[in-house]
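Q: Chain by chain, the residues run as shown.
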Amino acid sequence: MADAVETPKLDRKDFVSDQEVRWCPGCGDYAILAQMQRVLPELGIPREKLVFVSGIGCSSRFPYYMNTYGLHTIHGRAATVATGLKVANPDLHVWIVTGDGDALSIGGNHLLHVLRRNVNVNILLFNNRIYGLTKGQYSPTSPTGKVTKSSPMGSVEQDLNAISVALASEATFVARTVDRQTKHLAEILKRASEHQGTSFVEIYQNCNIFNDGTWSFATEADVKDDNTLLLEHGQPMIFGKEKDKGIRLNGLAPEVVTLGDGVSEEDLLKHDETLDNPAHAYLLSRLMYPDFPVPLGVFRNVQRPVYEEQVVAQNEKAVEERGEGNLHALLHAADTWIVPEGPDGETVREVSEEEPSLSDIIPDISQEDQLAPRTSLQHFMYDPISSLDLPTPHSIPAQTSLSEAIKLMRDENAGCLLVVNKKQRLVGIFAQGDLFEKVAGSDIDLQNTTVAEMMTKDPTVLKASDPIGHILHLMSLQGYRHIPIVDPDGRPISLASFKVMLQFTGGLFAEPSVN
Amino acid sequence: MADTPAEQPAESALQELMEVESIAIRFAGDSGDGSQLIGGEFANTSAIVGNDISTMPDFPAEIRAPAGTLPGVSGFQVRISSEDIFTPGDEPQVLVAMNPAALKTNVNDLPEGGIVIANTDNFTRNNLRKAGYEESPLEDNSLSNYRVVKVPLTTLHKEAVAHVEGLTNRQIDMMKNMFALGLSYWIFDRPLDPTIRMLEKKFGSKPNIVDGNVSTMKAGYNFGETVEEFQVRYHIKKAVVAPGTYRAITGNQAAALGLVTAAQKAGKTLFYGSYPITPASALLETLAALKNFNVRTFQAEDEISAMGSTIGAAFGGAFAATGTSGPGIALKSEAMNLALMMELPIVICNVQRGGPSTGMPTKAEQSDLLQCMYGRNGDSPMAIVAPATPSDCFDMAVEAFRIAIATMSPVIFLSDGYLANSSEPWRIPNPDDIPAIETNHPTDPETYQPYNRDPQTLARPWALPGTPGLEHRLGGLGKEDGTGNVSYDPDDNQHMANIRAERIARIADRIPLQTVMGPKTGDLLVLGWGGTYGAIRSAVKRAQQKGQKVAATHLRYLNPFPKNLGDILQRYKQVLVPELNMGQLSLLLNGKFPKHVISYPKVQGLPFKISEISDKIDDILGA
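So the protein lines, in turn, are chains A and B.
Going by the working numbering, the first sequence runs without a break in its numbering and finishes at 515.
Going by the working numbering, the second sequence runs without a break in its numbering and finishes at 623.
Simulated from the structure, these hints should not be mistaken for laboratory data.
Everything hinted at is true.
Subject to a maximum C-alpha distance of 20 Å in a straight line, what follows is the list of computed SDA-like cross-link-like pairs (lysine to any residue):
1. B/K268 / A/V312
2. A/K9 / B/P468
3. B/K201 / A/R349
4. B/K549 / B/A623
5. B/K201 / A/A334
6. A/K9 / A/Q37
7. B/K237 / A/G342
8. B/K158 / A/L388
9. A/K463 / B/P66
Covered by chain A, according to a simulated footprint, are these stretches of chain B (three or more residues, beta-carbon under 8 Å):
10. 189-198
11. 464-475
Below, a sample of chain B positions facing chain A; criterion: calculated Cβ distance under 8 Å:
12. A47
13. G50
14. T124
15. T168
16. N169
17. T245
18. Y246
19. L257
20. K291
21. I304
22. T310
23. A313
24. F315
25. G316
26. E334
We put the beta carbon where it would ideally sit given N, CA and C, even for glycine.
Bound conformation, chain A alone (with noise of 0.2 Å):
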């Protein structure tokens, strides 16, 4: 941050906006208002720099109490406008400010997005359980089973666990604070500023009309150390009010251990924020009240490109390649002709340098194009049969004679012929092999014998919606020189023989760019 070595040194009241603020008297919000003006100083960030955006419910008042840009915007779209803020200017630093309802119900979809993007910046989620701004419906963090007004009988829906959710996001940075622990509010505020990529922080909040006490067991100082743990990154999980219990592993599964009685620190799991893999800081966002202590601090926090420099840089990267933009030539990037003045000049055309794109040609189109196969590889695997131009095979009855069966193999040229019942469907193949193994040589009545006496009996078949190397595998693991293409009541509809597969092969390797 080097323009923040010219900033005068700010203080707390720079940060207050001359807003009334209007939370209810006794809510959790006032504490992180508070502390959110008393960090900002400490960050060195200039006032101008800094945009709060949040969404709607009681939290969402936020951004009007604090004296930078700020953006009240709609119920859970949030997310949505900082990521636009972001990338049309990736200097600013932006919070998002938002509820458990406004985060995970109305703006779940959102929430997700943002945070497998890596947007830089920080989401500070607060989470009271409850819909405070309607008046005290349950919420999607709310348990299940609490007793609301718009769930008389107990809510009968499964809660979310925000942390969780974040991590299964793939975000970066995930933490976990609590509104009355100021100071620990304080550090997990600066944490989240400094973190490169999107920052979200769970804060429990209490709504002390509509859900007074929901984190007392977190908050309450008779109770609060045996009901929450402090992480820290590098220290064995210890916690309770005389350090004497911790967390080990039993297998994949965490357990709550007394230190003493042959378990000594190094037992226990150790913290670390950085690991790659998530499932440490999954693990950790599962140890729920009143089985384990909740988590409190960073569960993750590792490095991934931004989102927003990304898009900046590929903007560097296509002036590098291509030039700065320059709107003549790219009105002009296309086919053109010129059309002279007077009525006998000669209209001359200019062929664009460009490959002809599908999308020039057949515009909106390209969503079907991109499906099509690419690879010969994957014209082979995914292509159906019915793509194939096969020919109609010879199809005859099965009572056919045995001359009039090799006239017609004559006649037609044609390498085999289907046999077919009185329904057309396929009972056999009499193919030029038959001919030399069974007919020729041997002393049978051409006139008298039938072809269904000679012919291979129920054949191997495929159907017009096998895949295309279903034909190849077939005919190169079992020397099948023709295999019959049949509809699902078994009536063929054309055939695959050797001599058309290997074309359709040999096409394969066509320049896939003709005209």
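Start from chain A and add chain B according to the hints.
A: Showing chain B alone in chain A's frame:
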């Protein structure tokens, strides 16, 4: 050619070269048959010989439908003319059908006596079955109303390229459409040279590919001359075209170029946030390829995010735009209203498609007009511009940004699938002649207030985050003018609603007055908007030639209307409004002006035919 087709007529018919003003040809086949490609090339050559052109692709209804089936057919229609034309034509005089399915899906559009060129090699039992024909229509007299030319195209093509070495079967197969192109060139008296030169330029390094393509194209041309199957050839005179450099352009291409041009003319980043949707996706794709113009595209996770991102980007100082179709507008509306309340300049492109619900995504309608006018909660006036032709999408996209920046408000650019995908020649403008778009960002904390307004335009200042001393908060809550502070005060709310309405109304002061084509007063005014321009204009021209007192006018500004529109309506005895919806513009006009307009609605997923509007005009005038 060793082998001429068996169906050659016994007696040589007379080949006559018929001079016509305008003719349309449709190429149809499987996607792999390259109908679009040869259609486009046919259009290019026609443009070079001096005809006016208009093209329209017809996409298969299903993605990757199996080859040879009815849903797999794609088509491309080209109309060429010696006069200024505005539409790809009602019905093609010639249909090139590469297989039975292509014949079946297209033949009903052909007028009696039209020419069908069928590739008989593809009329196999299997393909006939896939198209649902019991018997080959080429053999059973069912096409007796048409002139059917049976061409064993694949066979002839293979012979034509037999001498070319080093071609794979697949390459040979892909070239066969060039035979059809050559034959079409013969029928319509077009030269081969432009295409030969194009092939040489594009495939110069692969002489056998040039040779193969050229050989088969020539074979197609010679086939026309040799077989004497055709009683008539057509010649279309040169059109009188303004001098300049031209290219063919579709509406979506033009809109994308317009958005980039606007940003460039302001020296700004173009931010385009969008979620893929037919038929608007080409905007996102085209813009994503222009990163060296400082274009930043954001493929959002959904329509709402796409709209939200433009709000952030506009707040951050970029030229922000999004694009979608009707279903996307529905999802975006809440965020559009936020942009309206925050008073941020954003262009929202709606490439309309058939609705309601998922509707007919690949078909065109103009049925989102009322959605764009009124489809948001609260009183939410928003400016709407509507391009009239594919190339007009360029001008109106620039104009949309101009209005957005001047008024600090979101503007809807209302295109449709027909405009988006049709192409026409575009006389390429010199970008230096396009006026710069001025943007002002305040820096003085002493005089700054977020909602201090320009007394003329009522626009608030566009202060950018990063500017010291101008820290301010914007939001969707009711607010006080000037400070922008949250306010539920009754007078404040009324005042802000008035301001928002007035700000849009005043746009009428800066847009051009509405003009009419034809007599200044008369019996009938045909009033349209959007992609119906070509059909209306052509029909009105015909009516005028018949001596009817009919004029046409086309609205490119739908909110606000041009100032003189009410006067214009009064000058005609009757006003007819053809629209590809159930009468939405008519409703607006009848609500706003004393003149009662006659609605002519159509929602068949198809553009208006010239003849439909002509008939309606005759109907009304009792002709």
